[in-house]
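J.: One letter stands for each residue in the lines below.
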Amino acid sequence: MIELRGLTRHFHVGDQTVHALRAVSLAVPDGDYLALMGPSGSGKSTLLHILGCLDRPTSGSYVLDGHEVGSLPEGELAEIRSRKIGFVFQFFHLVPRLTAAGNVELPMILAGIRPGERRARAAKALAAVGLTDRASHRPDQLSGGQRQRVAIARATVMGPSILLADEPTGNLDRASGREIIELIERMNRDGLTVVVVTHDPEIGGRARRILKLVDGRIASDGGPS
Amino acid sequence: MNALDLLRFAWAALKGHRLRTILTLGGMSIGVGAVILLTALGEGARAYVTNEFMALGSNLLIVLPGKTETTGNAPILGGTARPLTLEDCEAILRHSRRVRRLAPLSVGSARIGHGERRREVTVLGSTPELLPVRRLEVGIGRFLPDVEIDRGAPVAVIGRTVQMELFGPENPLGQPIRIGDWRFRVVGVMAAKGQSLGLNMDDVVIVPVASSMRLFNQLSLFRILIEVGAHSEIDSARQDVLDILRERHEGEEDVTVLTQDSVLGAFNRILGALTLALAGIAAISLSVAGIGIMNVMLVSVSERTPEVGLLKALGATPRQILKVFLVEAVLLSAAGGLLGLLVGYLGSAILSQAFPALPTRPPTWAVAAATAVSLAAGALFGVLPARRAARLDPVIALAGR
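Here the protein sequences line up with chains A and B, keeping their order. Using our numbering, count along the first sequence one by one with no gaps and you end on 225. Using our numbering, count along the second sequence one by one with no gaps and you end on 1401.
Hints are not guaranteed to be accurate.
What the hints assert, rightly or not - Result set (EDC-like, lysine to aspartate or glutamate): computed pairs, CA atoms no more than 20 Å apart in a straight line:
no., chain 1, residue 1, chain 2, residue 2
1, B, Lys1323, A, Glu74
2, B, Lys1193, B, Glu1137
3, B, Lys1015, A, Asp140
4, B, Lys1015, B, Asp1005
5, B, Lys1323, A, Glu76
6, A, Lys212, A, Glu76
7, B, Lys1323, A, Glu79
8, B, Lys1193, B, Glu1165
Bear in mind the hints are in silico, worked out from the structure with no lab data behind them. In this text the structure is predicted, and so the values were computed from the model without any measurement.
Between the sequences and the hints, there should be enough to build the whole structure, so can you do that?
T.: Set out below in structure tokens:
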């Protein structure tokens, strides 16, 4: 359960202050499927980063599963990212020198999980995205869609409650994009809260709920039209 | 993230940039190798000099005319000193129980000749005792006759080179040679010995000391070499000699008595300083290698900024990021150090093969210091880049900016 109240985020660029988010209040229940839409610079990515505990609000509160997390120190935010949040990025962000399995094992290595368990869980996560036969391939030996599926396996292998996807189909052809979004929707049906940032109305339209941001404010919040 | 995972991660990162890693390893191993090789050279020189002295025995006292206040160094010019005479030698032998043997030494340079052949050589005047005191050996014939110390005799013992040059294949024993205007008879040839303390012992002629002093018109001996009975008595023997000579020289202490140890000590100090200087030069290359590691790590951090962002998004704490890069830097420098040890040992092994006289062996302190410094360099020069990585804002890092 995500609850934001009066959330703001300012950036200082030179001597100017950029208001990326102005008094955003929002509740996302567990298992929700939310699309964040809006023009460039509307604050979508900033909101996603704050939701993912990569960034902290300037003011306002962010309560995640009943705990205020907006002002936690970096070390504790890392812990939350490790246990509760999975990220999927537009440009995949796979480590090129590691195999698909190696990439999926990364969050578990950081969390200090034993090698035996790591391998088993990585294999399971790769199977869930249909890449069992690509486990020992390096990213440059995989197609774009396959890379993004590795990234999804990596994002979900720690069993997070929230999946945050920043333009997950933005770098893929239409067919692969559809496969990826269907994969994410399947995981949502299994109970994962999903927040997708997208420009693509077709992708956004598939969500249960669409949040439109304009100039750092929520312009509209509702089901697909 | 446990130690093994950290190592594996760092290893994969280093393997990913093979050329860069190899070059950095090269820098580090040259630094460490230079420290080990150069200090091994310095130590080898010291061991060489020590061996040369030790070959003479450690119970040696050297008496020379004249007096300096500086210890360890011989006076350059005798100046107004009272001469050191053969009577002095006899007095020392008579009055000190601690002296086992004594060999007076007079040195001159003369033209010698046999038949039509001539040669300029160093002529040593001494007694039969010179043989044991200087650990010399006779090749053929015999050494100087055991006559009274102040009686000359027209006999000479020649070095190997002198034999070859003057006599060729001819048997030199019993043959006459001219030394200056005097005629001597060859009674023996020294065994080949080569350079010993700056004098080519193969290119000398040895005659009885009284003959040599008359030949060169010398009033004073050049040296008196004294062998003491036991090493523990060397200081009291030195005092005996000083006392005896002071009494004979009207109460004035006008001779210098060097112990083998003091001469050796002086050489050791000089060569020790040389070793340190070499180590200093090598340390410079080691620190350059350290900065090289910092450079590579800085490049690596800025190149892998998106990766740092990713690791943070996957739940890495700043501490973990710090460790990842620090371990990489230490791994790099440790591997370079290890390689350097190999290079250093291999180099000094090759050197001692090529120059057997120079016993190059890397001193333990230099090996320990170089290894420690190479490890510390990785940690020290790795900290700055690692901290930079740990402090990266994950959002900015993910964007790759």
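J.: Evaluate each hint against the coordinates.
T.: Hint-by-hint comparison with the structure:
Between the alpha carbons of B:Lys1323 and A:Glu74 the distance comes to roughly 16 Å, so the proposed pair stays at or under 20 Å and holds. Proposed proximity of B:Lys1193 and B:Glu1137 is supported: the alpha carbons are some 8 Å apart, at most 20 Å. About 16 Å separates the Cα atoms of B:Lys1015 and A:Asp140, which keeps this hinted pair within 20 Å; it holds. Simply put, B:Lys1015 and B:Asp1005 have alpha-carbon atoms about 15 Å apart, close enough for the 20 Å limit, and the pair holds.
As the CA atoms of B:Lys1323 and A:Glu76 are separated by approximately 18 Å, the hinted pair is consistent with the 20 Å bound. About 30 Å separates the Cα atoms of A:Lys212 and A:Glu76, which puts this hinted pair outside 20 Å; it is violated. A threshold of 20 Å between alpha carbons decides the hint, and for B:Lys1323 with A:Glu79 the separation of about 17 Å falls inside it, so the pair holds. For the hint linking B:Lys1193 to B:Glu1165, the alpha-carbon distance of about 16 Å falls within 20 Å, and the restraint holds.
This entry does not satisfy hint 6, going by the numbered hints stated previously; all others are met.
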